[in-house]
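**Q** Work out the full structure: start from the sequences and follow the hints.
Just so you know, this note's numbering puts 56 at position 56 of the sequence shown, and the rest follows in order with no gaps.
None of the hints are false.
Cross-link-like lysine-lysine pairs, in silico, DSSO-like; alpha carbons within 27 angstroms at most: (1) 22 to 9; (2) 54 to 9; (3) 54 to 22.
Derived DEER-like restraints, expressed as beta-carbon distance ranges: (4) 2 to 62: 28 to 36 angstroms; (5) 6 to 66: 35 to 43 angstroms; (6) 16 to 73: 21 to 29 angstroms; (7) 56 to 8: 18 to 26 angstroms; (8) 2 to 41: 12 to 20 angstroms; (9) 10 to 45: 17 to 25 angstroms; (10) 30 to 66: 16 to 24 angstroms; (11) 37 to 7: 12 to 20 angstroms; (12) 36 to 15: 18 to 26 angstroms; (13) 52 to 24: 17 to 25 angstroms.
In short, the hints are calculated from the structure, not lab data. For glycine and all other residues, C-beta sits at the position ideal for the given N, C-alpha and C.
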Amino acid sequence: MTPGSYVVKNLAGGDETPGAVKYATFWSNCDEVVNPDASVPLTGAVNTPVGCLKHNDLLGDDATSAGVRAFLAS
Numbered sequence: 001m002t003p004g005s006y007v008v009k010n011l012a013g014g015d016e017t018p019g020a021v022k023y024a025t026f027w028s029n030c031d032e033v034v035n036p037d038a039s040v041p042l043t044g045a046v047n048t049p050v051g052c053l054k055h056n057d058l059l060g061d062d063a064t065s066a067g068v069r070a071f072l073a074s
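**A** Printed below as a string of structure tokens:
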């Protein structure tokens, strides 16, 4: 996930949300692992900022979990 790396450039090339699948992102502006934060939202996806949570705290956050469940149920 290094900015500007071969992997990131190839992942970012073309349609970010191909096919008929619904896409969503849930991201934190305080994530210390995924940087830059601006790399998370995808064109064509439901992009949900979850506030200031550290990377692993996303896993146990009740509001984030509720958002994921609501997206999956939609």
